[in-house]
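Participant: Please construct the entire structure, taking both the sequences and the accompanying hints into account.
6 protein chains.
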Amino acid sequence: MRVTVSRKAHFNAAHRLHRADWDEAQNAAIFGKCANEHYHGHNYELIVHVTGTIDPETGYVIDMKVLRDLIKSEVEDALDHKNLNIQVPEFKSLIPTAENIVVVIYNKLKSHLNTDQDLEVELYETPRNFVKYTGP
Amino acid sequence: MRVTVSRKAHFNAAHRLHRADWDEAQNAAIFGKCANEHYHGHNYELIVHVTGTIDPETGYVIDMKVLRDLIKSEVEDALDHKNLNIQVPEFKSLIPTAENIVVVIYNKLKSHLNTDQDLEVELYETPRNFVKYTGP
Amino acid sequence: MRVTVSRKAHFNAAHRLHRADWDEAQNAAIFGKCANEHYHGHNYELIVHVTGTIDPETGYVIDMKVLRDLIKSEVEDALDHKNLNIQVPEFKSLIPTAENIVVVIYNKLKSHLNTDQDLEVELYETPRNFVKYTGP
Amino acid sequence: MRVTVSRKAHFNAAHRLHRADWDEAQNAAIFGKCANEHYHGHNYELIVHVTGTIDPETGYVIDMKVLRDLIKSEVEDALDHKNLNIQVPEFKSLIPTAENIVVVIYNKLKSHLNTDQDLEVELYETPRNFVKYTGP
Amino acid sequence: MRVTVSRKAHFNAAHRLHRADWDEAQNAAIFGKCANEHYHGHNYELIVHVTGTIDPETGYVIDMKVLRDLIKSEVEDALDHKNLNIQVPEFKSLIPTAENIVVVIYNKLKSHLNTDQDLEVELYETPRNFVKYTGP
Amino acid sequence: MRVTVSRKAHFNAAHRLHRADWDEAQNAAIFGKCANEHYHGHNYELIVHVTGTIDPETGYVIDMKVLRDLIKSEVEDALDHKNLNIQVPEFKSLIPTAENIVVVIYNKLKSHLNTDQDLEVELYETPRNFVKYTGP
Numbered sequence: 025m026r027v028t029v030s031r032k033a034h035f036n037a038a039h040r041l042h043r044a045d046w047d048e049a050q051n052a053a054i055f056g057k058c059a060n061e062h063y064h065g066h067n068y069e070l071i072v073h074v075t076g077t078i079d080p081e082t083g084y085v086i087d088m089k090v091l092r093d094l095i096k097s098e099v100e101d102a103l104d105h106k107n108l109n110i111q112v113p114e115f116k117s118l119i120p121t122a123e124n125i126v127v128v129i130y131n132k133l134k135s136h137l138n139t140d141q142d143l144e145v146e147l148y149e150t151p152r153n154f155v156k157y158t159g160p
Numbered sequence: 025m026r027v028t029v030s031r032k033a034h035f036n037a038a039h040r041l042h043r044a045d046w047d048e049a050q051n052a053a054i055f056g057k058c059a060n061e062h063y064h065g066h067n068y069e070l071i072v073h074v075t076g077t078i079d080p081e082t083g084y085v086i087d088m089k090v091l092r093d094l095i096k097s098e099v100e101d102a103l104d105h106k107n108l109n110i111q112v113p114e115f116k117s118l119i120p121t122a123e124n125i126v127v128v129i130y131n132k133l134k135s136h137l138n139t140d141q142d143l144e145v146e147l148y149e150t151p152r153n154f155v156k157y158t159g160p
Numbered sequence: 025m026r027v028t029v030s031r032k033a034h035f036n037a038a039h040r041l042h043r044a045d046w047d048e049a050q051n052a053a054i055f056g057k058c059a060n061e062h063y064h065g066h067n068y069e070l071i072v073h074v075t076g077t078i079d080p081e082t083g084y085v086i087d088m089k090v091l092r093d094l095i096k097s098e099v100e101d102a103l104d105h106k107n108l109n110i111q112v113p114e115f116k117s118l119i120p121t122a123e124n125i126v127v128v129i130y131n132k133l134k135s136h137l138n139t140d141q142d143l144e145v146e147l148y149e150t151p152r153n154f155v156k157y158t159g160p
Numbered sequence: 025m026r027v028t029v030s031r032k033a034h035f036n037a038a039h040r041l042h043r044a045d046w047d048e049a050q051n052a053a054i055f056g057k058c059a060n061e062h063y064h065g066h067n068y069e070l071i072v073h074v075t076g077t078i079d080p081e082t083g084y085v086i087d088m089k090v091l092r093d094l095i096k097s098e099v100e101d102a103l104d105h106k107n108l109n110i111q112v113p114e115f116k117s118l119i120p121t122a123e124n125i126v127v128v129i130y131n132k133l134k135s136h137l138n139t140d141q142d143l144e145v146e147l148y149e150t151p152r153n154f155v156k157y158t159g160p
Numbered sequence: 025m026r027v028t029v030s031r032k033a034h035f036n037a038a039h040r041l042h043r044a045d046w047d048e049a050q051n052a053a054i055f056g057k058c059a060n061e062h063y064h065g066h067n068y069e070l071i072v073h074v075t076g077t078i079d080p081e082t083g084y085v086i087d088m089k090v091l092r093d094l095i096k097s098e099v100e101d102a103l104d105h106k107n108l109n110i111q112v113p114e115f116k117s118l119i120p121t122a123e124n125i126v127v128v129i130y131n132k133l134k135s136h137l138n139t140d141q142d143l144e145v146e147l148y149e150t151p152r153n154f155v156k157y158t159g160p
Numbered sequence: 025m026r027v028t029v030s031r032k033a034h035f036n037a038a039h040r041l042h043r044a045d046w047d048e049a050q051n052a053a054i055f056g057k058c059a060n061e062h063y064h065g066h067n068y069e070l071i072v073h074v075t076g077t078i079d080p081e082t083g084y085v086i087d088m089k090v091l092r093d094l095i096k097s098e099v100e101d102a103l104d105h106k107n108l109n110i111q112v113p114e115f116k117s118l119i120p121t122a123e124n125i126v127v128v129i130y131n132k133l134k135s136h137l138n139t140d141q142d143l144e145v146e147l148y149e150t151p152r153n154f155v156k157y158t159g160p
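Residue numbers (the working numbering), protein chains in the order written: chain A, 25 to 160; chain B, 25 to 160; chain C, 25 to 160; chain D, 25 to 160; chain E, 25 to 160; chain F, 25 to 160.
It should be emphasised that the hints constitute simulated quantities derived from the structure, not laboratory data. We put the CB at the ideal spot given by N, CA and C, even for glycine. You can take every hint at face value.
Derived EDC-like pairs (lysine to aspartate or glutamate); straight-line CA-CA distance at most 20 Å:
{"no.": "1", "chain 1": "F", "residue 1": "Lys89", "chain 2": "D", "residue 2": "Asp101"}
{"no.": "2", "chain 1": "E", "residue 1": "Lys132", "chain 2": "E", "residue 2": "Asp93"}
{"no.": "3", "chain 1": "F", "residue 1": "Lys116", "chain 2": "F", "residue 2": "Glu61"}
{"no.": "4", "chain 1": "E", "residue 1": "Lys57", "chain 2": "D", "residue 2": "Asp104"}
{"no.": "5", "chain 1": "F", "residue 1": "Lys32", "chain 2": "E", "residue 2": "Glu146"}
{"no.": "6", "chain 1": "D", "residue 1": "Lys96", "chain 2": "D", "residue 2": "Glu146"}
{"no.": "7", "chain 1": "E", "residue 1": "Lys116", "chain 2": "F", "residue 2": "Asp79"}
{"no.": "8", "chain 1": "A", "residue 1": "Lys96", "chain 2": "A", "residue 2": "Glu114"}
{"no.": "9", "chain 1": "C", "residue 1": "Lys57", "chain 2": "B", "residue 2": "Asp104"}
{"no.": "10", "chain 1": "B", "residue 1": "Lys57", "chain 2": "C", "residue 2": "Glu98"}
{"no.": "11", "chain 1": "F", "residue 1": "Lys89", "chain 2": "D", "residue 2": "Glu100"}
{"no.": "12", "chain 1": "C", "residue 1": "Lys57", "chain 2": "E", "residue 2": "Asp93"}
{"no.": "13", "chain 1": "A", "residue 1": "Lys132", "chain 2": "A", "residue 2": "Glu69"}
{"no.": "14", "chain 1": "D", "residue 1": "Lys116", "chain 2": "B", "residue 2": "Asp79"}
{"no.": "15", "chain 1": "B", "residue 1": "Lys57", "chain 2": "C", "residue 2": "Asp101"}
{"no.": "16", "chain 1": "B", "residue 1": "Lys134", "chain 2": "B", "residue 2": "Glu69"}
{"no.": "17", "chain 1": "F", "residue 1": "Lys57", "chain 2": "A", "residue 2": "Glu100"}
{"no.": "18", "chain 1": "C", "residue 1": "Lys132", "chain 2": "C", "residue 2": "Glu100"}
{"no.": "19", "chain 1": "F", "residue 1": "Lys32", "chain 2": "D", "residue 2": "Glu69"}
{"no.": "20", "chain 1": "C", "residue 1": "Lys89", "chain 2": "A", "residue 2": "Asp101"}
{"no.": "21", "chain 1": "E", "residue 1": "Lys134", "chain 2": "E", "residue 2": "Glu144"}
{"no.": "22", "chain 1": "A", "residue 1": "Lys116", "chain 2": "D", "residue 2": "Asp79"}
{"no.": "23", "chain 1": "D", "residue 1": "Lys32", "chain 2": "D", "residue 2": "Glu146"}
{"no.": "24", "chain 1": "B", "residue 1": "Lys57", "chain 2": "C", "residue 2": "Glu69"}
{"no.": "25", "chain 1": "F", "residue 1": "Lys116", "chain 2": "F", "residue 2": "Glu98"}
{"no.": "26", "chain 1": "B", "residue 1": "Lys57", "chain 2": "C", "residue 2": "Asp104"}
{"no.": "27", "chain 1": "D", "residue 1": "Lys32", "chain 2": "D", "residue 2": "Glu69"}
{"no.": "28", "chain 1": "B", "residue 1": "Lys89", "chain 2": "B", "residue 2": "Glu144"}
{"no.": "29", "chain 1": "E", "residue 1": "Lys96", "chain 2": "E", "residue 2": "Glu69"}
{"no.": "30", "chain 1": "A", "residue 1": "Lys89", "chain 2": "C", "residue 2": "Glu100"}
Partner residues aside, some chain D positions facing chain E, computed with beta carbon under 8 Å:
{"no.": "31", "residue": "Lys57"}
{"no.": "32", "residue": "His62"}
{"no.": "33", "residue": "Asn67"}
{"no.": "34", "residue": "Asp104"}
{"no.": "35", "residue": "Lys106"}
{"no.": "36", "residue": "Asn107"}
Facilitator: Here's what the structure looks like:
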């Protein structure tokens, strides 16, 4: 009996989409306003889904408080109120698109779960644009 | 051509998380504030997803009015404005965690659907915590 | 230049609507399912609005972190995961309707604000039912 | 590394559910108020999900601006502020239930995607009723 | 001690914006796509706010169940699944803009309230466009 | 008969809260993580409310399309995907707190309205923190 437990969280960050090996015209053509050299930002809304079996003793798949604390220590503390391009090591050589951010978050969380628990991560960059990653 | 039809509903209930075979210290350690002996409560938001083939005559997978009435008779009438621990038989010997509640709701609904219809049930305990069950 | 600063918070609680000086028939006639002797509960969503002048030095009417901490200490710590009828002194002799709860919350917060700051409190009992109080 | 990219859009339309080969009693029995001969309408909310591999050069699965423009030209321009029964060719001989609309939208979009991209379309007819189609 | 009690409701309807005494060019210039002769439609979301004093015996300003039933009989039964232009008498000679609809709803409800209760009506035509009327 | 017409819009931006005439310790004490020298950002959600009389000929207080275009030209074009501190002239010497931003937006819009129309502007910095300004 496998159930999925989900928890919402959020963080605010600045970023820009830009390749140093492209000239400005090419960056503007591909990334548009997102290439702004002075950055812009988002309220990222995050949903973390963990699927596993219910522990018959507690009735929990995973304690929500444990999941909440894991998201805080691994994701919020690392990304909240940060400039993703400058202050988050994973994006030193990786463009912080929503797609790349959601993979980075997945990788930060996965190793902390039991091996028989499945992980899915959704990330809202705006209320209308969002991405999802369920692992390789 | 299989399509999923989804319907939202809701109910309000009181509950507590607690094992009679544990002492208070162990209950508090595992269930925290949720073990409060005088109960607390939630506005549970429910989403029922039914997947099946479109009836070419009506254009329906399942009539939404039929689905709405099924949710009312099987779930809302049984759980709304109730104390789950005391007044709902399924939780006499089962801790009413969100995980266990979603499985109970799934089982209440499944037998009323056609055998070729798939069921998935989502249950929001709060706007930030929710669970999903797609069957055994 | 007066601006209103608003902050959302939430708490979960159990309650029932019931008068000890009425018989069960009268309680049922007026309060319906809300009179259930074993309680039911809600995810209460709270919005606190503080109106005042912008401090020209900080650009703040009130520091959101200060407002968040005030709501936590005065409201969440007092009401979250509680049975309002049994465990919250203000409701020993006051029926915990949404109307009465919002007045209680207003009174808990008002004395902590500057005298030239106006307070308005909104309380959602469910996503479809809510109340607002702006003081006497 | 496959990631799902999702984009929300919306359109407003009138429709009715009705079969010309049924008499009014049968239409009323099956479709209820939705059979009203003078039509009624909805704010349809649409979520388009595209799953594919991340382009290592841009960090995109699909450029959101490209996806937004595709939804506009294929869906919004065809359906927004229209009477679905009268003004949209696909529904000349197909009842515009949510189930049939979501399949029509899927078919309008699918041919514009790369063959290795998966498509899923969700359509909210109201905030409480919605459907999803992931292809044949 | 005056408190505002609010209740959400909704109805779906078709309408068009059009003046018979204008030619099509003028209707198109002012009303754009909303002038479509075959109608379009919306999920109208309605919020009714009633302000009054708390009854010390019940703790209610107005019983939510009474307010819900009043909205149903006066507004939902009159407007839901209707073509506003054709089937709702108030719009025989009044353009069903959101502004005019909210005034009509206010007038339908006002006479049913106590004279010392204030009424405010909000109407969402779409999630991004809405109107409010607090009386003459 | 005065009615309020409201329109939602949004923009994304980077900012930081910081006074050049304070040392870093004082900036950190007052502005916390918001003082981060590399900026962070938000999805700002904006609600513009215009109150006026209904034009009996059109049924409009203000044409929503006119209001939408005004918000785009005055607010979105000026602030969207910008660094507020560096790229928006109003914040060269004004800290871009939510309070100050809402006043700037109010002033950008007010002169474009009729003198008998009232303006109110709400700005959500996050889904839980927001401000409102109704003029001097």
